[in-house]
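**Student:** In order, the protein sequence lines correspond to chains S and C.
According to our numbering, the first sequence is numbered sequentially starting from 1.
According to our numbering, the second sequence is numbered sequentially starting from 1.
Keep in mind that the hints were calculated from the coordinates and are not lab data.
All of these numbers come straight from a predicted model, not from anything done at the bench.
Be aware that one or more of the hints could be misleading.
To be verified - Short, incomplete list of chain C residues facing chain S, as computed with Cβ under 8 Å:
1) Met9
2) Arg45
3) Ala67
4) Asp193
5) Gly194
Heads up, the beta-carbon is just placed ideally off N, CA and C, and yes, glycines get one too.
The chain contents come next:
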Amino acid sequence: MSTNESAETIQDQIVALLPRLRRFARNLVRTPHDADDMVQIAVERALLHLDQWHSDARLDSWLFKILRNAWIDEVRSRGRRAKLFMPEEAGENVGEASMEREIDRLSVEAALARLPHDQRLAVSLVLVEGLAYKDAADVLEVPIGTLTSRLARGREALAAMLRPPQGDRS
Amino acid sequence: MSVSDETLMAYADGEVDAATRAIIETAMRDDPEIRRRIEEHRALRETMQGAFSAVLEEPVPQRLIDAARGQTAARAGNVVDLAHARRAAAGQVPGRWRRWQPTAMAASLLVGLALGYVGWHSAKPLVTTSSSGELVAGAGLAEALSHQLSEDRSPGLAAITGLSFRAKTGNYCRTFSLTGSHASSGLACHESDGWKIKVLAQSPPATSNSSNFRPAASADPPAIRVAVEQSIDGEPLDRAGEIAARQSGWSAASRR
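Full structure from sequences and hints, please.
**Tutor:** So this is what it looks like as structure tokens:
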């Protein structure tokens, strides 16, 4: 049965994309456990809606879009469901105490976490995930010009945060 | 010559057309400032790629691999496939047992066995089956679902109610967590003949990090969240909404 075969193939492809989905999710929510929950929700939704995926579209972009939409649903419902689904403490703790130990890595993570959502997503998709502008714009469902300007602003803010405190003004 | 920073950024990302690329490369030769800005864009791109690559090397949790292969529901000990549990309850009840014991007792025991929840209090079962073989809330759970508000987290409760909402079907539904050694969570909806259990899943073990912060009921398995998201109509009920729904007996007919 060809439909079964293609379903199998897509599932294999989704499995192969899990590491990248996990990475993207970690830039959406703070704790790795919550990030994996988001990935699981997205993957379950993707399988439910496989008929909506067009094989000419990139599977990674499609999954990123589902993940992003699942996260938006989560954020929207967060107010009232916070006590059940996402305790605020878990979301707001960036781990500043341990920052000094792994300055490079954590400061980049912390800097990215401080960006507004729009810019953080644009930076995440283009710079971290390596998506083309066109594909990133598609994931975020915005025109390419909007994506470009969010990316430019996000980059500018990141560069300012990551710039060493001394030595750049000489 | 002046080139906008967005254009330089797009060049550094390989996103400009051939004509623009030629212009920028000419400008780069003459202008060290343009070279520096492009270099800054490239360096930031490399920094961002490098900073988040560690997760790619981590082993992917099995539950995600199972989810990607569509095996979430079939996995023993994680999410219980209700249809399967019902078949088990309906089909595997030995005839002798049916004669010897009240049907509901036998069925609830079997469901308990099927779900791995042996040891639930059989005098006041939390989960049982109806005469038509559906999983329903037993007396203990039904009492909690009908009367407890979501803020109620007094110690010693057999079940903690989480979120209450009206489903697209018009029925009221509530999530719940069962405490004790077989901690699990579920979603139940109030139908004309009582609380029907729509999803039942074992709660993920609390990690050392989160157990300090989260109330017991917060560690809901993704299956419950997905079920809530798929069935919820609008927003969850607030406290006043829960009280009103409770007064109406969680009756689907009385729209507020």
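**Student:** Indicate, hint by hint, whether the structure satisfies it.
**Tutor:** Against the structure, the hints come out as follows:
no.: 1; hint: Met9; verdict: holds (6 Å)
no.: 2; hint: Arg45; verdict: holds (5 Å)
no.: 3; hint: Ala67; verdict: holds (5 Å)
no.: 4; hint: Asp193; verdict: violated (27 Å)
no.: 5; hint: Gly194; verdict: violated (23 Å)
When held up to the earlier numbered hints, the structure conflicts with 4 and 5 and fits the remainder.
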